[in-house]
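Asker: Here are the chains, one letter per residue:
There are 2 protein chains.
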Amino acid sequence: MSDILIAREELDFLLWEWLGLDRVLAESDDGGIDRESAGAILDLSAKLAANGFLPHYKLSDNREPELTASGVRALPEIGAALREYAELGLFSASLPPDRGGMGLPALLANASFAQFLAANVATAAYPMLTTANARLLLAFGTEAQIEAFALPQIAGRWFGTMCLSEPQAGSNLADVATRAVPDGQDALGTRYRLSGNKMWISGGDHDLSENIVHLVLARTVDDCGEQAAGTKGLSLFVVPKILPSGDRNDIAVAGLNHKMGYRGTTNCLLNFGEREGAIGWIVGAPGQGLPQMFKMMNEARIGVALGAAALGYRGWRHAVQYAGERLQGRPPGTAPGKSLPIVGHPDVRAMLLAGKCYAEGALALVLYCARLVDEESHDPDAAVLLGLLTPIAKTWASEYGLAANDIAIQVHGGYGYARDFDVEQLWRDNRLNPIHEGTTGIQGLDLAGRKLKDAAALALLRGRIDQTVAKAAQEPELAGLGRRLAKAWDRLGMAAEVLRASEPDVLASNATALLRAFGHGVAGWQWLDRALLCAGAGEDAPFRAGKVWACQYFFEREMPKIEVWIAPLLAGSALPAAIPAACL
Amino acid sequence: MSDILIAREELDFLLWEWLGLDRVLAESDDGGIDRESAGAILDLSAKLAANGFLPHYKLSDNREPELTASGVRALPEIGAALREYAELGLFSASLPPDRGGMGLPALLANASFAQFLAANVATAAYPMLTTANARLLLAFGTEAQIEAFALPQIAGRWFGTMCLSEPQAGSNLADVATRAVPDGQDALGTRYRLSGNKMWISGGDHDLSENIVHLVLARTVDDCGEQAAGTKGLSLFVVPKILPSGDRNDIAVAGLNHKMGYRGTTNCLLNFGEREGAIGWIVGAPGQGLPQMFKMMNEARIGVALGAAALGYRGWRHAVQYAGERLQGRPPGTAPGKSLPIVGHPDVRAMLLAGKCYAEGALALVLYCARLVDEESHDPDAAVLLGLLTPIAKTWASEYGLAANDIAIQVHGGYGYARDFDVEQLWRDNRLNPIHEGTTGIQGLDLAGRKLKDAAALALLRGRIDQTVAKAAQEPELAGLGRRLAKAWDRLGMAAEVLRASEPDVLASNATALLRAFGHGVAGWQWLDRALLCAGAGEDAPFRAGKVWACQYFFEREMPKIEVWIAPLLAGSALPAAIPAACL
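Line order of the protein sequences matches chains R and Z.
Numbering follows the working numbering, with no gaps: position 539 of the first sequence is 1128.
Numbering follows the working numbering, with no gaps: position 497 of the second sequence is 1086.
So that you can see chain R by itself, here it is in the shape it has in the complex:
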């Protein structure tokens, strides 16, 4: 079963050959990791993912978390797997050594984590949230807060959450209504009493860790009872389930959300302050809640994208395996006889090729972004590029990872619809990814309304693309694709220019379509860039030859969609904005 997770050959190709992990390791401040130890971490991750995370994948879907009088009870197998994960020090993989972390570069940490996400995304969500929480505290918390709340998370003893959404405030955080009233000062900083309802809190309650550290976005209330307004009124608070005194904080589980997938991750409606107010300490300066969250947003969104890619990847691998084993019919034009494996049918191959383009392409795109996370500390251009690519990677991986899962079901036929196989669950699990951490529509507005407004950012990206085009010109097998890539990006560049001059209605009517177009443009660029490393590979090197085939497929059947997506913008259409709601 374990060969169904991320293939090591794929990871090695992406990390060492395409993304230059060697160089990243050499440039890393934390040092100490060489190629051999990196390989050992990847081995270890693949093994624990296969032996600790994968075995309870179906079980945690069948046996959902339960709400009891004493709180939420999760599947014990999840706790057992996460204890092993903690023992290996993986909670701290990407955190700095001076805080007890392993100091892995983001690129390596993400490659390692991809195995866990592929094996069991719902179990892996706990360390993902915990690491993000600890990282925020390291960045903005006081020394005392870090010691009290971040270190136990880095050790994997306590788990963390992010409490942003409320029942009435999802995509629009300006509507957050949770109140925080000052309540004095102590060693952990300025203390507040919080009250309000937080919705969709992943890991919001469970019995898997000794304590749960909530990071809560709330609105401060001043001494006169005046509430700070707008997004500038939002601050970040650290609010533990169990207080340093050992007492339970005033946080109640008001309900458990029953999701279509991702079921092993408990998901709660939490009521803060049903009694005297939940005790929390402000993290950083007042009014900085949103900017602090947004500083972490790129990494959070890349985390979602990595999960989406990993789910899509595993589904696709199941499909490739099944198509090689399942005997059914014979392709048209072949002589009659016994049934052959369905991989022999061109239509099945077309599905698997599309799945390969989506699944491998998404994984590659996300790891590319992870490398930019490593680069941004010493290269401001990388930070700009990362900002531009984040909405693209988040959406492309979420939507095409899901498409790879859909293909995997289709390749399995009726069996793919049965719960005995994993492919249907992978599809259900992945459906969350275009929704959380900013829906596709929100990513579209981020790209079209913000990121593309910066022409210099796009020029940076185009510079990298032109390097690929130049390399392709030297490679007869791929030179034609290089010219097509350049042309596609000329058109995308034109679309960005038109966008900058567009009225708000035109922008809003085309933002998501533009996001899709840029997604395909980026995926096509990266497919060609990887294919260039493999040009000339023959039948004796099927892994490498497959990269060239997939690239050709993507340019033949996917890249032309770009034109369909940008055409309405280029024509200045605001049709969706124009239709009266009553006509829907």
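Please note that the accuracy of each hint is not assured.
Since the list gives no way to pick out one identical chain from another, each pair is judged satisfied if it fits inside one copy or across any two copies.
[As the list claims (entries may be wrong)] In silico BS3-like links for lysine-lysine, alpha-carbon gap of 30 Å or less:
(1) 884 <-> 1060
(2) 884 <-> 1150
(3) 927 <-> 1042
(4) 1042 <-> 1060
(5) 884 <-> 1076
(6) 821 <-> 1150
(7) 1042 <-> 636
(8) 636 <-> 1076
(9) 927 <-> 821
(10) 884 <-> 927
(11) 1150 <-> 1042
(12) 821 <-> 636
(13) 1060 <-> 821
(14) 636 <-> 647
(15) 1042 <-> 821
(16) 1150 <-> 1076
(17) 821 <-> 647
(18) 884 <-> 1042
(19) 1150 <-> 636
(20) 1076 <-> 647
(21) 821 <-> 884
(22) 1076 <-> 821
Keep in mind that the hints were calculated from the coordinates and are not lab data.
Using the hints provided, position chain Z relative to the given structure of chain R.
Answerer: Leaving out everything else, chain Z in the frame of chain R:
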């Protein structure tokens, strides 16, 4: 809740105004149904669907059928709803009056049935299968067989199944291995003893009806034990769960399949003849099993398409309703203030417009095909057109109905992913439709490898399209779209010509893409045809104006995809066939 099913305004528009149900009723042999009684049937269907089928929609998803020592137990609420359905005579809606049926034209019967599919597709599957079974017996059974097995189904006392697939024989029925050994003769015809395993049998066992009538595809064995080979060796047998003697037949439930959706419909692995052989009677002539099934295939596939359209339609209606109620943020470019309903965001409207095009377009396409079923008895052209449109309608409704369900989840955000709302279940239920009754790949081969080979069939379709183009030329508002429709069909016609001259590998590598291209071509034609009925509608007629808006949207953002899908075929590409399996 009931206004969430198929809107009566929509049905009236499609039936009376677009599809001329008046004329169909007048031409019907069975007569007796006028506009008033047709309206009463539609009222009745909407009411029973809302009050009898909808209320246990979630429940039948949560409480799956159970396999017990005495057989499969289904949710009692399903049985109660179906008894009401039987009492109203709806099992026999489309069957001839001389057999106890209501004699409704297919168009009206499908419009009525769409309400039940929208409300609860899994409960509606029982009468769908039962009617199909009875219809087959009426067409090919002896008078004694009809009396013994069809009439109790027409009355809704017994339910029926179709037993085609086997664990090793799904898409390729030539691999069917169930054996039928002659066992004498009696009043019900030539008797056989059947043995073999049948997989994916919907309604294969349950406690909802007094008896279950299986129609089983099996291979006859002659007196020398010689088994008939190939598809020509397959015959059809009627095999009841309980024999006319009152004894249980030799049919065992070997397992219950646990599906991702559609859970209220029991789905079984049945073992026929574990002991002395299950008793069955041959229906029609030996060796005619497949042709008999295929004679019913158009209607079966249209039934699947209707379910897919109905599920997509309901999901989309939920989304429209939710978008009008959910307050969140404000569209870019509007002044700050309180949150507005999300329908105000152009991106949400774009999603809802796409959903409208898909959901209403699919329902319209399926009902168009139902009208062809009515026409084919007196118009051979209608039969040819129906043959051409069936794979298109089956796939387009299945894939775009599902896409409408996906959109509905996205519009609901996190709530759409929670099982408290119906939209996630509608999506799961609908995922079966691109698989059963011939996968999308099989439909592609049917269209490209068979139906499009008949240039006269395509010419017939083009004739109807040209009528729409001619009407559009008279309507300034829509004349431009008419010209674009004609151009698109010129290209599709060219693709069909290229296809006819293509090598098998090129055909098989492009069949599904071509199916998608024709699907959009047909949907675009029908959208324009309906919009022409509504041209000039103003703000005071939002239902009609909405048809024009949706048509414009479809031409702006969907029709250009046709070119993407046909381009590889026009270039003669066989890329999917060429890639070695090891490179995947």
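Asker: If a hint holds in the structure, say so; if it doesn't, say that too.
Answerer: Hints, one by one, checked against the model:
Taking CA atoms no more than 30 Å apart as the test, residue 884 paired with residue 1060 passes in neither setting, with 35 Å inside one copy and 57 Å between copies. In this assembly of identical chains, the alpha carbons of residue 884 and residue 1150 never lie at most 30 Å apart, being 33 Å within a copy and 38 Å across copies at closest. Taking the closest pair of Cα atoms, residue 927 and residue 1042 come within 30 Å of each other only across two copies (27 Å); inside a single copy the shortest separation is 60 Å, beyond that limit. Taking identical chains as interchangeable, the C-alpha atoms of residue 1042 and residue 1060 lie at most 30 Å apart only when both belong to the same chain, with a minimum of 29 Å there against 44 Å between chains.
Taking the closest pair of Cα atoms, residue 884 and residue 1076 never come within 30 Å of each other, the shortest separation being 34 Å inside a single copy and 50 Å across copies. In this assembly of identical chains, the alpha carbons of residue 821 and residue 1150 never lie at most 30 Å apart, being 40 Å within a copy and 44 Å across copies at closest. With identical chains, the CA atoms of residue 1042 and residue 636 are never at most 30 Å apart, being 45 Å at best within one copy and 53 Å at best between copies. Proximity of residue 636 and residue 1076 under a CA criterion of 30 Å is satisfied in neither setting, with 44 Å inside one chain copy and 57 Å between copies.
For the identical chains of this complex, residue 927 and residue 821 are inter-copy neighbours only, at 16 Å across copies versus 70 Å inside a copy, given an alpha-carbon limit of 30 Å. In this homomeric assembly, residue 884 and residue 927 come within 30 Å of each other (Cα to Cα) only across copies, at 27 Å, whereas the closest approach inside a single copy is 60 Å. In this homomeric assembly, residue 1150 and residue 1042 come within 30 Å of each other (Cα to Cα) both inside a single copy, at 23 Å, and across copies, at 28 Å. In this assembly of identical chains, the alpha carbons of residue 821 and residue 636 never lie at most 30 Å apart, being 46 Å within a copy and 51 Å across copies at closest.
Taking identical chains as interchangeable, the C-alpha atoms of residue 1060 and residue 821 are never at most 30 Å apart, the minima being 47 Å within one chain and 58 Å between chains. For a Cα distance limit of 30 Å, the shortest separation of residue 636 from residue 647 inside one copy, 19 Å, qualifies, whereas the shortest one across copies, 39 Å, does not. In the homo-oligomer, the alpha carbons of residue 1042 and residue 821 lie at most 30 Å apart inside one protomer (23 Å), although the nearest pairing across protomers, at 66 Å, exceeds that limit. Taking the shortest Cα distances, residue 1150 and residue 1076 sit within 30 Å of each other both inside one copy (13 Å) and across copies (19 Å).
Neither within a single protomer nor between protomers do residue 821 and residue 647 lie at most 30 Å apart by alpha-carbon distance, with minima of 43 Å and 42 Å respectively. When the C-alpha separation of residue 884 and residue 1042 is checked against a cutoff of 30 Å, the pair qualifies only within one copy, where the shortest distance is 19 Å, while the shortest distance between copies is 59 Å. In this assembly of identical chains, residue 1150 and residue 636 lie within 30 Å of each other by CA distance neither inside one copy nor across copies; the values are 39 Å within and 44 Å between. In this homomeric assembly, residue 1076 and residue 647 never come within 30 Å of each other (Cα to Cα): the closest approach is 46 Å inside a single copy and 50 Å across copies.
Proximity of residue 821 to residue 884 under the C-alpha cut-off of 30 Å is restricted to the intra-copy arrangement: shortest distance 15 Å within a copy versus 68 Å between copies. Taking identical chains as interchangeable, the C-alpha atoms of residue 1076 and residue 821 are never at most 30 Å apart, the minima being 43 Å within one chain and 54 Å between chains.
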